[in-house]
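Q: Please model the complete structure; the sequences and the hints are all you need to start from.
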Amino acid sequence: MTQTENLVKRLPTEMGGLDAGPVQRTEHEYAPWEKRCHALANILDNHKIISTEAKRRGVEALGSEMVEKLTYYERWIVAFANILFQKQILTPEELAIKMQEVAARPWDETAPCGETSAKADKGKTAA
Amino acid sequence: MSSHAHANTPAPDTGDAVPGYYEVMETAVRELLIEKKVIGAGEIRQMLEVMDTRTPALGSKIVARAWVDPEFRARLLANGRATLEELGIDFFEDTQLIVLENTDSVHNLVVCTLCSCYPREILGLPPDWYKMKPYRARAVKEPRAVLAEFGTVIPDDVEIRVSDSTSMIRFLVLPQRPKGTEGFTEEQLAALVTRDAMIGVVRASNPEMKEKSR
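The listed protein sequences derive, respectively, from chains L and W. Take this note's numbering: the last position of the first sequence gets the number 153, and nothing is skipped along the way. Take this note's numbering: the last position of the second sequence gets the number 1167, and nothing is skipped along the way.
By construction, these hints were calculated from the structure, which means they are not laboratory data. Some hints here could point you the wrong way.
[Claimed, not checked] Partial pick of chain W residues on the chain L-facing surface, computed with a CB cut under 8 Å: (1) E979; (2) A981; (3) L985; (4) I992; (5) I997; (6) A1010; (7) L1011; (8) L1040; (9) I1042; (10) C1068; (11) K1084; (12) Y1088; (13) R1089; (14) A1090; (15) K1094.
[What the hints assert, rightly or not] Calculated lysine-lysine pairs in the BS3-like style (CA-CA distance at most 27 Å, straight line): (16) W:K1084 x L:K95; (17) L:K35 x W:K1014; (18) L:K81 x W:K989; (19) L:K81 x L:K95; (20) L:K35 x L:K81; (21) L:K74 x W:K989; (22) W:K1086 x L:K95; (23) L:K35 x W:K1094; (24) L:K113 x W:K990; (25) L:K74 x W:K1084; (26) L:K113 x W:K1132; (27) L:K95 x W:K1094; (28) L:K95 x L:K113; (29) W:K1084 x L:K81; (30) W:K1084 x W:K1014.
For every residue, glycine included, the Cβ atom is placed at its ideal position computed from N, Cα and C.
A: Okay, structure coming up:
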């Protein structure tokens, strides 16, 4: 079997039956932005813009290196951006400009979901 | 210049003085979608509120009810989604819920080998280990070894059925009612049902019985 054959036969997200180490029973308090990212996924699904299945394909399309190295919601938000570019709902340029603008702001002004974020933040600090 | 202003800005109580790249991306995508009126301004906050109501406590109540009400259990097993919709639980479009009943001869385990499909409507967000490689890779190949890592030993004469979720089909395990709970109220029973028992990695157990048997 060639080395590349495995890449063809198995997509990066397809893990069933592979060898792996013991299950680490890790859990973490979801960060506010992770929860918002999840809420965004649900909303985009409700609006029939990105279905659960399209989201999974979007993550797969990131390729094995990103699937391996990015965290769960990091993969989601990057996949959403790519899908929104493909659907011409957003352009890469718009996103780049907006990200610069967001990054330059005092950070406490960037959470319009104030109450929920503040609650979750406290949990995180305590943990 | 902006980096200076940034560094001097007092951080909110997140503990993160500077937002990460992906957090910035999430904020930017969300704001652009709202500016373009692709999504409504209040939708994310409303969805966060809905998500906060979805916790394993909901699943525990459903299991306890199935234990005390045979007619409800029969309907739940026949059509999980329709039965729970009668209780006012909303499901995502086209998502089916299959309830898997554990018995003396069958133990059920739920996994999503492809991603992280999970009955979020009744259990909330999945634990990290459910989304990570070791559980996803091995649950379908060596379920007994995986269960043992959760401290669950299933006798060899009990069949283990592993169900692999998809975006359209989600599973909930209906654990066996623990022994010695005959006089328990529905509320007391619900307290014995953990999230992990509804994924199938542990049994529902009666702590009083455990102490007696040891």
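Q: Indicate, hint by hint, whether the structure satisfies it.
A: Now the hints, each set against the structure:
Because the beta carbon of E979 (chain W) sits about 5 Å from the nearest beta carbon in chain L, less than 8 Å, this interface hint is met. The interface hint given for A981 (chain W) holds, since its Cβ lies 4 Å from the closest Cβ of chain L, which is under the 8 Å cut-off. For L985 (chain W), the shortest C-beta to C-beta distance to chain L is roughly 5 Å, which falls under 8 Å, so the interface hint holds. Interface hint at I992 (chain W): satisfied, since its Cβ lies 5 Å from the closest Cβ of chain L, which is below the 8 Å cut-off.
Residue-level restraint check for I997 (chain W) holds (minimum Cβ-Cβ distance to chain L is 5 Å; threshold 8 Å). At about 17 Å, the closest approach between the beta carbon of A1010 (chain W) and any beta carbon in chain L exceeds 8 Å, and the interface hint on this residue is violated. With 8 Å as the threshold, the beta carbon of L1011 (chain W) stays out of range of chain L, its nearest partner Cβ sitting at about 17 Å, so the hint is violated. The closest approach between the C-beta of L1040 (chain W) and any C-beta of chain L is roughly 20 Å, which is over the 8 Å cut-off, so the hint fails.
Contact between I1042 (chain W) and chain L, as hinted, is not supported at the beta carbon level, the nearest pair being about 15 Å apart and thus beyond 8 Å. The interface hint given for C1068 (chain W) holds, since its Cβ lies 5 Å from the closest Cβ of chain L, which is under the 8 Å cut-off. The criterion of a C-beta within 8 Å of any C-beta in chain L is met by K1084 (chain W), whose closest approach is roughly 6 Å, and the hint holds. Because the closest C-beta pair between Y1088 (chain W) and chain L is about 5 Å apart, less than 8 Å, the hint holds.
A least Cβ separation of about 4 Å between R1089 (chain W) and chain L falls short of the 8 Å threshold, and the interface hint therefore holds. At about 4 Å, the closest approach between the beta carbon of A1090 (chain W) and any beta carbon in chain L falls short of 8 Å, and the interface hint on this residue holds. Restraint check, K1094 (chain W) versus chain L: the minimum CB separation of about 5 Å is within 8 Å; hint holds. A threshold of 27 Å between alpha carbons decides the hint, and for K1084 (chain W) with K95 (chain L) the separation of about 14 Å falls inside it, so the pair holds.
For the suggested pair K35 (chain L) and K1014 (chain W), the alpha carbons sit about 42 Å apart, so the restraint of at most 27 Å is broken. At most 27 Å may separate the alpha-carbon atoms for a hinted pair to count; K81 (chain L) and K989 (chain W) meet this at roughly 21 Å. Between the alpha carbons of K81 (chain L) and K95 (chain L) the distance comes to roughly 18 Å, so the proposed pair stays at or under 27 Å and holds. Using a Cα cut-off of 27 Å, the hinted pair K35 (chain L) and K81 (chain L) holds, with the two alpha carbons roughly 21 Å apart.
For the hint pairing K74 (chain L) with K989 (chain W), the CA-to-CA distance comes to about 16 Å; that is within 27 Å, so the pair holds. Annotation: proposed proximity of K1086 (chain W) to K95 (chain L) holds, straight-line Cα distance about 12 Å (limit 27 Å). The straight-line distance between the Cα atoms of K35 (chain L) and K1094 (chain W) is roughly 18 Å, inside the 27 Å bound, and the hint therefore holds. A C-alpha spacing of about 15 Å is found between K113 (chain L) and K990 (chain W), which places the hinted pair at or below 27 Å, so the restraint holds.
Under the criterion of a C-alpha separation no larger than 27 Å, the hint pairing K74 (chain L) with K1084 (chain W) is consistent with the structure, at around 24 Å. With a C-alpha separation of about 55 Å, the suggested pairing of K113 (chain L) with K1132 (chain W) is violated against the 27 Å cut-off. Between K95 (chain L) and K1094 (chain W) the alpha-carbon distance is near 25 Å, which keeps this suggested pair within the 27 Å criterion. About 26 Å separates the Cα atoms of K95 (chain L) and K113 (chain L), which keeps this hinted pair within 27 Å; it holds.
Between K1084 (chain W) and K81 (chain L) the CA atoms are separated by roughly 15 Å; this keeps the pair inside 27 Å, and the hint holds. For a cut-off of 27 Å, the pair hint linking K1084 (chain W) to K1014 (chain W) stands: about 25 Å separates their Cα positions.
Going through the hint list in order, the structure does not satisfy hints 6, 7, 8, 9, 17 and 26.
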